[in-house]
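Undergrad: Make the full structure from the sequences, and use the hints.
Here is how the chains run, residue by residue.
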Amino acid sequence: MKGRRVLTGRHFLLGDVACAEGALAAGCTFFAGYPITPSTEVAERLALRLPEVGGHYIQMEDELASMAAVVGASWAGAKAMTATSGPGFSLMMENLGLAVMMEAPCVVVDVQRGSPSTGLPTLTGQGDVMQAKWGSHGDYEIVAYAPSTCQEMFDLTVRAFNVAERFRNPVVVLADEVVGHMTERVVIPPEEAIERWERPRPKVPPGELLFPFAPDGDLVPPMPRAGEGYRVYVESLTHDERGYPVMNADVHDQLVRRLNEKLRRAYHQIVDYELVEAQDAEVVVVAYGSTARSARQAVRLARKEKMRVGLLRPITLWPFPGHVVEELSARVRAFVVAELNLGQVAREVERFTDRPVYGANHAGGRMMPPELILPRIEEAYRDAQGSRRRYAPAG
Amino acid sequence: MPREAVADTHPLDEILRADRLPHIWCPGCGLGTVLGCFARAVLASGIPLERHVVVSGIGCTGRAAGYLNLDGFHTTHGRAIPFATGLVIVNPELVVTVFSGDGDLVAIGGNHLIHAARRNMDLNVICVNNFNYGMTGGQLGPTTPLGALTTTSPYGFHEDPFNLPRLLAACGAVFVARWTCLHTRQLEATFLRALQKRGFRFVEVLAPCPVGFGRPNELGEGIDEMWFYRRQADYDPRAALEQLELSMRKDSKILCGVFVDTERPTYMDRYREFVLRKVEGGSGEA
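One line per chain: the protein sequences are A and B, in this order. Residue numbering for the first sequence follows the working numbering, starting at 1 and increasing by one per position. Residue numbering for the second sequence follows the working numbering, starting at 396 and increasing by one per position.
What the hints contain is simulated information worked out from the structure, not anything from laboratory work. Any given hint might turn out to be false.
Stated by the list, open to error - Quick look at which bits of chain A chain B covers, simulated, 3 or more residues with Cβ under 8 Å:
id, stretch
1, 303 to 309
2, 348 to 357
Claimed, not checked - Taking CB as the label site, the calculated pair distances span:
id, chain 1, residue 1, chain 2, residue 2, range
3, B, E488, A, A363, 46 to 52 Å
4, A, P206, B, A439, 21 to 27 Å
5, A, D250, B, D414, 18 to 24 Å
Note that the structure is a prediction, hence the values are computed from the model and not measured. Where a beta carbon is used, it is the ideal one built from N, C-alpha and C, also for glycine.
TA: Next comes the structure, spelled out in structure tokens:
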């Protein structure tokens, strides 16, 4: 049966399945992956659906191969992706760096579980936030979305493809087990209502000399496809605009700065967040992914107790919406960062504020209970008058 | 030499990136010879140059892709085969050659090598075997012969090496050959045969690494190793696969030839048979 690429309509979908449908809606034509809980349903759905719409699913021998195949597929012209969880994400770091260096648009879905190491395969966690940013060696920028609903598993996966293509960079969908494995209503819009961005393409015809790493004004170079006739050379080594390897400090500095700057310049275009009841807030809770759902409830409970509390929900963890923290710091007394790790985003919040930052933390294994966040809000509220402690992790 | 005697063109100009020469390979290294044989085979194949893609991993041989004026990719260590897998699945019209070394393909990339052969992925793999890691200065690898001296086997290597033709034949490669880089005619003809075939093709080429491997093992200069090949190599395409082991013994034979040349459905054939046939109207867009 020939399938439809965009399943327009109202559905009741598993988060991982919504992610797969988002990929299809965005125009994904290639998936290479390796099964791993709790992301496997993304692969299963695409194994079924991609062939129906003229795409291709391949299960590789490991995550090293999966990510390498994704970068190769991207250079052959496909909108390419993979999906994994922490242990596989670790293996993908090698070729995620390759995607950065070769400026290969691609999407990596990491449905986080309890970690480190094999950790808690079936239970949730948010311990990969810093790995998403810094996991591969060297200086690079990454975009990472933190969906907190099944609808966002769909919407943000579409956006991940768009941003990847537009800026020729890998983009991470940093979900967690709770969002990946819950089932909610997902509304898929009509195909024509789905915005699709494409990678910039060469302006000279095939056969003519093309410098595949000579950027346009936005620092993003137009991208040819393998086999198109440009006969380009694409390097993992430090390279010049022609793509030729150059072992030279100046060329290296220029290349690495451009790779970073193309995304840093686009910060306001990419960054996204949600503010809830922040207008009059004295304490702002920062939470993302499934934990943002608990944080919303904690804010409600605090409001009932007449505390003026708001919520900042980063939708992009990378780039981190630091400017919002900065702006809030002018009127907010303290921040509480709720996350299923021992203080990864809290550290990021601290970089943008001189207000005290309180952690509501759990190492993972269950969804963050609002009851764990509320006492930290109360504590932050009380302390706000007194001492100015910096980061105070829970427990 | 009078200036007018210097040719300003070369028969391989069309396919080499002359602006990148001289190459980085050491005097006496066999890689230039293998590259030349491959370049001539590509031209002889009649396949339009824009359909050729060369993918390399890391190491001395890994630099090969960068000297060819074709679409070329210099990937990460060991990952040339899975990278090439992504390329050829998305565009099955491409003629993809993975040109890399023994350490890259067989050690760090060993898992990808055997799985790509099992899948009969449409890839032409050239494995230049110089018995050591040359780029990093002569360390042992999974093809280093028993007893050989390298900088990380200073007492003599105490493990058995892979017999590559036997390994690849067992994994399902449809074309398996071995030559040394002394056998330029045979090598070029074999590369041409491989280019004109579909499925997973594997050609092992023995090449001297006088600096990394020749010196500690007293094999002399590159030319001496070529003499060694001349003395010890035998053309024996019917040799049993288990006889293809290589050793440091001075009397050991280097058996060469095309050992496997068979047909079985490629990865994409099977994909069409099992997947696309059931997905009515599916066309394998990619």
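Undergrad: Evaluate each hint against the coordinates.
TA: Going through the hints against the structure:
1. 303 to 309: violated (count 0)
2. 348 to 357: Contact hint for the stretch 348 to 357 of chain A vs chain B: violated, 0 residues under 8 Å.
3. B/E488 - A/A363: 46 to 52 Å: holds (50 Å)
4. A/P206 - B/A439: 21 to 27 Å: Given a distance of about 23 Å, which is inside 21 to 27 Å, the answer is holds.
5. A/D250 - B/D414: 18 to 24 Å: holds (20 Å)
Violated hints for the displayed structure, listed by number in ascending order: 1 and 2.
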